[in-house]
Every structure is written in structure tokens, then in C-alpha cells.
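Here's the letter readout for the chains.
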Amino acid sequence: METDLITTSIRTDTSLGHTLTHLAGRTLIGGASGLVAGLLYAALLDSQRMSPMMSPTDLPGDTFIHLLLSIIVGISYALVVGDRVTTPGGGLVSGILAGLIWWGVGPLTLFPLLHGARPDWGIAAARDAFPLLVGLAVTFGALMGWLNWLIIRIAAYATPFTVIRARLLDTLQAAISGGLAGMIGGWVFGKWMEQAGLFPLIAGLVAADDSAMGRSVHFVISIVIGITYGVLFQRDVRSAGSSIAWGFAYGLIWWVIGALTILPFLLGDGVQWSRTAAQGSFASLIGHLLYGITLGLVYALISRFWRTLFIESDPLTRAAEGPGTRGLRGIGLGAAASIFGGLAFTLIMLATNALPTVASLIGMTSVFEGFLVHMVISILIGASFGLLYGRESASPVSALGWGLFYGIVWWVLGPLTIMPALLGAPFQWSLAAAAGAFPSLIGHLLYGAVLGLVYHRLLQRFAPPHSITSSDSDHTTTGLWAMIVLLVMILLLLSV
Amino acid sequence: MPNIQQAGWIRTSALASGSAAILLGVLTGLFSSTPLADLFPGILIYLAAVLLSGAGYGVLLRAEYRQVRRLPGIPIGLVYGLVNWLIFGIVIIPTFAGQSPQWSSEQAAAQFSLLTFCLTHGMLLTAVLHILCARGWLARAPGVTPPVSANAIRHIVILGGGFAGVTTAQQLEQHIQHDPSVQITLVSKTNHLLFTPMLAEVTAGSVEAQHISPPLRAFFRHVRVVRGEPTLLDGQANTVTIKLLNGTTSTLSFDHLVLALGATPNFFNNRNLEGHAFTFKSLVDAIHIRHQVIDCLERADSETDTARRRTLLTFVVVGAGFAGVELIGGLNDFVRGSLWYYKQIRSEDVTLLLLHPRDRILPELSETLAHYAEERMTSRGVTIRGGAVVTDAGNGRVSVGDEVISTDTLIWTAGNIPNPIMKNMGLVTDKRGAVITDALLRLEGQSNIWALGDCAAVPDIVTGKNAPPTAQYALRQAKTLAHNLHAVLHDREPKAFRHHSQGALAVVGHQTACAEVFGFRFSGLFAWLLWRGIYLSKLPTLEKKTRVLLDWIVDVFFPRDITYAPLYDENPEAAASGD
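So the protein lines, in turn, are chains A and X. Under our numbering, residues 1 to 496 are what the first sequence spells out, in order. Under our numbering, residues 1 to 579 are what the second sequence spells out, in order.
If you're looking for bench data, these hints aren't it; they were derived computationally from the structure. Backbone N, C-alpha and C define an ideal beta-carbon position, used for all residues, glycine too. Hints should not be assumed to be uniformly reliable.
Said to hold, decoys possible - So the derived label-pair ranges between C-beta atoms look like this:
| id | chain 1 | residue 1 | chain 2 | residue 2 | range |
| --- | --- | --- | --- | --- | --- |
| 1 | X | 380 | A | 324 | 33 to 43 Å |
| 2 | X | 131 | A | 170 | 37 to 47 Å |
| 3 | X | 98 | A | 200 | 50 to 60 Å |
| 4 | A | 307 | X | 210 | 18 to 28 Å |
| 5 | A | 176 | X | 536 | 38 to 48 Å |
| 6 | A | 366 | X | 536 | 32 to 42 Å |
| 7 | A | 436 | X | 131 | 54 to 64 Å |
| 8 | X | 245 | A | 17 | 23 to 33 Å |
Assemble the whole structure, with the sequences as input and the hints as a guide.
Rendered as C-alpha cells:
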């Protein structure tokens, strides 16, 4: 309500004076957010003896230039997307996206020019700038985006008590759901931690060294992260599909904040943003992603279960179609679309001779049996895509985006996690295993892209027109940034 | 094929993509550096790739461009950039360079600069498009037409809310999509589409009435639905007068008129039959018959007079086409299956009589299948009498020649005639009363009045005869008609109606059916499963499919419902007292 009023007032009052005042306010807020985030980022880099300007020598003017650029980035962010961000989670995630873009514009393009060199977008230069990618995306960008949202909310604070009370109740419910989801996500992540013998290391956070204490600390952290997820993203989560994307992004964030920043810092090793340290923590990255996927899915299921039973079932607010019709149609169309995606993926599986491995899931070895198993799996995943993303795929590009994202999710779940488990092997979360499964990643992306596009086409063909409502692409696809960041990171981490 | 507005949008997207790429190349000097220079051997190939990419973006988003606020933002640009990298960086460029696709992580990492380029290009592309649209420049782009004026809007009026009318409107909506210059109005007497193949199941109590009748308004996004009946057609002024629900009339002007008014029962001008027989054409008919049967069973259970009791327990269906056979088969199951509740009625007290004037039932099917159906129905308790012409009817009786049969329940399925409204509207009809069309489904001598379905005599160029008045043919005619209307609106040639019959199916009793599909004959359980599978798939809307499927499952495990809920109360005082 508050947001709507603010947005409406912005849109309706178009006088020059108001516009200038509004722009000045946004400039101030953006500049302040950028400055604070830039200071923290510079301080953390300084602890690793790195320059935010990637200077070969630490020049005195570098810090000043960096802070000036941070202010400019903050202002640009505030003017371009500031008004469109209405939730804390949205601020966090869009800020990270801004950080990623600034990494490409700054360290890879502008800084070399400032140093008298040509911009270099090659893999070697990107590898050198890896710590800055981590820092810019997850500390500078996230903090800037979140601060920008916070200051705008505080400046516009005029919420009636009844609204605050309702929000507090919503937040409490989101926190409980998030906590439960975090616990289940922690249980999934804990399977690998137990296998890798990491619980004693976690116990070091509370000056202990036994597994039981480590396990308890791990669950407490998982629940706390789950609670923060619920609180931050409660208004962003629309369906289980988009919630998985938010959870995926949140898992990636906590890999940087937890495994690369806080944990080594508390253990006395300082912040570990280097590419070598990130490579050493690759298995933890996959674990965090799996935790995020579980967190997002379970949170949405709890939240949607409540909404479906007690809110959306109200005839006064009910949608034209019930979840049953939508769900069944989604499953059917997703399964049908996945046949095309599965066939596209088959081309890569044939090129990389991966089908016999797939056949071994049912104790067979031939290419044809592998193809059949692969198609069955493709159809099951496609049906789940229709169920999870049916409501999010109203436009072709959003369907394409969700398809790609779902492909990468299943790369984490499939060849790295479930398939080794089904074949009786431990989780394959090492760099070498991921490098070996890279063709599969391309295949999963191809599968997802075809699945999404064909699903959208089928939806247009077979769904009643009133049931297809175009969603706000910006909102639903903001979570997809994580896919891009992850792919960039994977390329940087896997390359020799 | 994209229409002219979409073509403008696609061109604009391609130009935006090219501009973004050139801007990017100039700003960063990327094209002169490796490995981009290696990947794009020549500026023309580079430009061709980015223009192609931009056109692809335009094709993907061609339905979105009308609303600037819905244009995708930076994340979508990034996603599109990623797709371009996958397509060009991993597959196309290496293939053109004579290499295999770059699947491995090392090979993909070598394309990192291209990934950065593609992501940046995707973002710039969305930004340029936003600027173009927000500034209104896109609206002046070549090929983009201005908003349609009221005078340029063409109005298509479809009369009839049955299979033919609804499918025509649906197909037209798909053809026309977002074209604001075409308006469609559907005039229907009811607010739902009746799925007639399952009507007998409603009477037999295995399916709820609402579950086979999806509301018309659930089908359409742009079509306007008007409840009413046409009363007057002015072909000169291109107007049709509609009698609305509230009794008033409304005049609709049209550019094209589609007649899909269906058929009504044919009593051959016998007023007695018309006055005493139940018809079996609508949802209300099915519910009335069901209530009548339950009421007869209730009364017979406490009736002591033998003759009166026999009258109550005799159910007569006239006509042995699909409707009559499926109805009496279902009624037989329902009545005999419900006798468990009525302790005073024995199975042999009940007579279900199928009367027809021919030598065999189901003339639409082959003789062997008809014999099979007759044998199965007889063994289940249905009495079938061929060569029986019903000549008269009255209270508690029906006359077959000189013979009088005592019954309170006479159901008429012995023939239909095209909707007589058309004669009243002054249209030229054949001897059955159907309007005569050419193979394009256009009325003879008319350029903008079309007809299809049971109300039209449509020549079938496959057989050389008129197309039979069945739902299967009506659906095919609707698709052809929608295509033709769209073609005429866009100054293209319409096509002739052509259809090969795919066969026919009929249920004759519990889990027993006859089917003739593409010349193959089936009977028994398999044919019954075929019947259910085919018609369930054809039943409109997933919701109704699910509800009918649930009805069928419930019917397996629970007895038929014999609740008697009269549509009108014969004794208001008793109803008021709750008796």
C-alpha cells in the first residue's frame, strides 16, 4: 500500500519542480548508498592487500577515484532502478546485478583504459579480476542495493499502525516458514558436510572441535539464513519456481558471505576472495546452491500451501482458474515440451558419448537404452517445469529465462548430485567433476532453452486466453541474474 | 507469419541490436582485438550476426512491444546475451571455423570475451529498445500502423453458441490475435457450450450436468458474448436484430455474419407428439428426463394398481440413431441399477423400449456393429422394435400404428430439422430447411453471410453430397470458415471445405460400445475405452475434463444418485411447509 502510494504520487505529479526534487533526492540517496558500500568494499579488499582500482602499485589517489566511481555507480543505480525496487530482497538482488555489471564496466573495461591499456575481456584478465567480481557483486552491490531500498523506505515512512501490525504478522509467518525451510535445506547440505568431515571445522566457530557441536552450529546457521530469506524475500516469492531462483541466488550470496568471508575471517584467516581460495571452496559452492534450491522450494511450498488453502480459495479473490487446472495443464504441457528439449540435449549426449553412462542408471550399457532413460528423465523434469514455472512463463523471453535457469538447477541436481548417488558414488562436487560435467551444463542449458520456448508456444496454443497473464518480466526474472553470475564464476573457476 | 506491425518491431529490434553492437565495438575497440577478431572474420559477418540476433529478439518479443512498461529489462537482456553466446560462441562460429562445438570447460572459457560481449550487447539492446519505445520513435518506425479508427473496425457477428459457432469464434480469435481492427460478437441462447456426446451420461446419472457444459465466457479473450436469439435479418443494411434476455431487442450491424444456429427436434408437424414427448437436445432436456424417470420409480414403488404401475415403469425412446441408442442404454443401466432402492419393483416389471422405423439401429455404423449393439442391449434388458412408426401420443400413451403403448415417459430422438428461425429471417433454404452454401461456406448470392453446422447444407467436395449434420463436420467447417473469414478480411482467397470422416462411436451400455474409426471396427470394452478417451480429450477446458474424470471414478465406487430435485414445484404449499 505504502509503495503504491509513493509510486502513484511519483507518476501523477509530473511538474518540473517535483521531478527535479525527486531526482535530487534519488541522487543523494544513491550517492550515499554507493559511498558507504564503496568504503566497506575497499576496506575488505585492503585486508587482502588489493587495490579496488586494480593498480599495479597502491597509488594514493586510487581510493579517492574508487569512492568517486562508487558514488557515480550508486547514483546511476538509484536513477535507473531505484524506484522500481520495492522489497528488501529485490534491493539486495538488483544491487548484486549492478555489481556484476560494474565489474564488467569497471575492472574489465574502464580501469585498463585509466591505466593506459586496452580493455581486456579475455579469460586471463577476468581471472585476475575474480576477487573484484566477488567483492563488487556480493559486498558492494548487495549493500548498495539494500541501503538504497532502506533509505527510500525510511524517507517515505508514513505507514499506519494497522498496516505495520499486518506486516509484522506477515513477517513473522515468513520467518517461521523460512526457518523451517532453512532447517530442511541445512539437512540436505549437511549430508555433504558430513561426508566431507567439515562439521569439526564449523565447530571451530564456537571454539569447539567435535562433530555434534559442528552439526548443531550448522543447523542454527541454516535456520537463521532461512529466517532471513523469509523476511527478505517474502514479497518477491510468487510461486515455487521463482522462489527456487531467489533461494539459488541467496545460496550463492551466502557462499561468498559465509564460506569466503565470515568463516575464514572468524577462523583467523582473513577474507578469502582469491580465485584459488574460491576453487578450494568449490564443493561448498555447490552445497550452498543446493541449500538455496531446497530453501526456496520448501519455503514456497509452505507459503503457497497456506495461501492456497486459506487465502486464494476465497471466492472473492480467486483467480479464474484454480491451481488444479493450472497444475495439471502445466504438467502436461511441460512433459510435451520436454520431448523437444530432451531431443536437443541428446545431440550433445551423442557428441560426448554420455548415453551409456545414463543407461547405467538402470544397469544397462547401450546407447539406445541410455536414450530411453534420458528421455524419461527429460519428461519428468519437463513436467515439473510446467508445474513450477507455469505461471511465470507468460512471455517467451521469461519462459526462455526460466528454462535456462531450470537447466542449470538440474545440472547441479543431476550429474553432480543425484546421478552419482544413484550409481552408489559420493557427491561429485569437486572442480574436476564439474569440469568433466561441463558439456552436460551446456546440454542442460540447451534443454532448458528449448523446453521454455516450446512450453510457452504450447501454452499459447492450448491454454484458454484468460489464463495467460503476462507477468512483470523485470520482477520475475531478476532472480535469473544468479544464473549469469554462476556461469561466469564457473568459467573462471574451471579454466586452467 | 508476423503481421505488418510485428514486422516493424522486428526490424526495429534488429536495428537496435546493430546499433548496440556498433556502439560497443567503437567504444571498446573490441573488434580489433583478439579473440573477437578471430571469431568474426569480417565486419559483414559480424553485422549479419548481430542483426540476426536482434531480429530473433524481436521475434521472441513480438507480442510484448505494444506496452512499453512491459518491455523486458536488463536481466532479460543478460539472459538473451547468454543464449546468443551459447548459439554463436559454442556452436555456430566454431562450426563455421571448421571446428567441433566448444563443449568443454576449457574451450568455453576461451570464449569468455565473447560471453562478456554477448551479455553487454544484450543489456545495451534492451536499453536502446527502451529508449526507442519510451521516446515514441518506435511508433514512427516504418511498417507500424497508427491506432485503428472506429470507422475502420470490421465487425463479425456469429449467431449460435453450439460447436460450430463457438469453434468458429475460437479459431477466429486465434487467427486475428491482437488485431484491434476486427471485433467478434457471439450471440447464443445459452451461456454455455453443451458437449452433446456426453448428454446421455447426464440423464443416466454418471456425470453431473454442469460438468459437460463449460461457460462460453471461459473460452474467449476478445470475443463479446451476447445472450439472446436472432429474430430479424436485414441483408441490405447488414444488420441483425437480437431478442435479449430481458425481452427487449437490440440491433447489431455486421460486416460479416455467420449462421451457426443448429437444429431443433423434428416432430413432422405432429402437435400431439410435440406436446407429450420429451426432447433430448439440451442440458435442461437431460435433467428433465432424469427427474421424470426418478419420479416414475418413486410413484411406481407405492402404486398398487397394476396397469398404472406398468405405465409408470415403461420408458419409451423413439429413434435409434446415436442419441436414441446411447440414451436408452444409459437409462437402462440407471433404472435397473437403481432398483436396489425400490424394494417393491422387480427388474422384470420395468420396460425400456426403443422404437425405430428402420430394419436396424445405428444406421451411421456398419451392419455388423449395429447387430452387436442390438444383441448387447437386448441381453441387458432393452426391448428394441424395428419398423415401428410412432403416429400419435397422449397422456399416458403412445400409438404405434394401431397399437397403443401405455407409458408416462416418451422421449423423442427421431430426427432434427435445421433451426426454423432461418426461414423466419427470409433466407433461402433447401427442402429440409437448411440454408444453402457453396463449398467456401458462403451463402449463395451473398458475399458476407456464411453458414455452417446443422443449419446449413454444405457441399462436401470429397463425397459430392452435402456434409452430414454431425459435430465432427461442424468442427471442421468451423476451422475452414474461420480461415476463410480471415482470408477475406486480408484480401486473400478463401478455401473450399473438405473433410474425410474419421468415424463414429456409440456407447450401448455399461462398459460396452461400438466404434468405427478410420475404417477399423471395434466393439465391447476396448471400444468403450476408446469412446471415453476420445471424448474426454475433446471435452473443452481442463477443468471440465478433470470433473468428468472424477465423476467417472466416483461412479465406479458409489451407486448412482437418485435424488429428485424438481426444477419447478408442482405443489408450492407442500414445499413451503417442508413436506
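Now the hints, each set against the structure:
| no. | hint | in the structure |
| --- | --- | --- |
| 1 | 380(X) - 324(A): 33 to 43 Å | holds, 36 Å |
| 2 | 131(X) - 170(A): 37 to 47 Å | holds, 38 Å |
| 3 | 98(X) - 200(A): 50 to 60 Å | holds, 54 Å |
| 4 | 307(A) - 210(X): 18 to 28 Å | holds, 27 Å |
| 5 | 176(A) - 536(X): 38 to 48 Å | holds, 42 Å |
| 6 | 366(A) - 536(X): 32 to 42 Å | holds, 37 Å |
| 7 | 436(A) - 131(X): 54 to 64 Å | violated, 44 Å |
| 8 | 245(X) - 17(A): 23 to 33 Å | violated, 55 Å |
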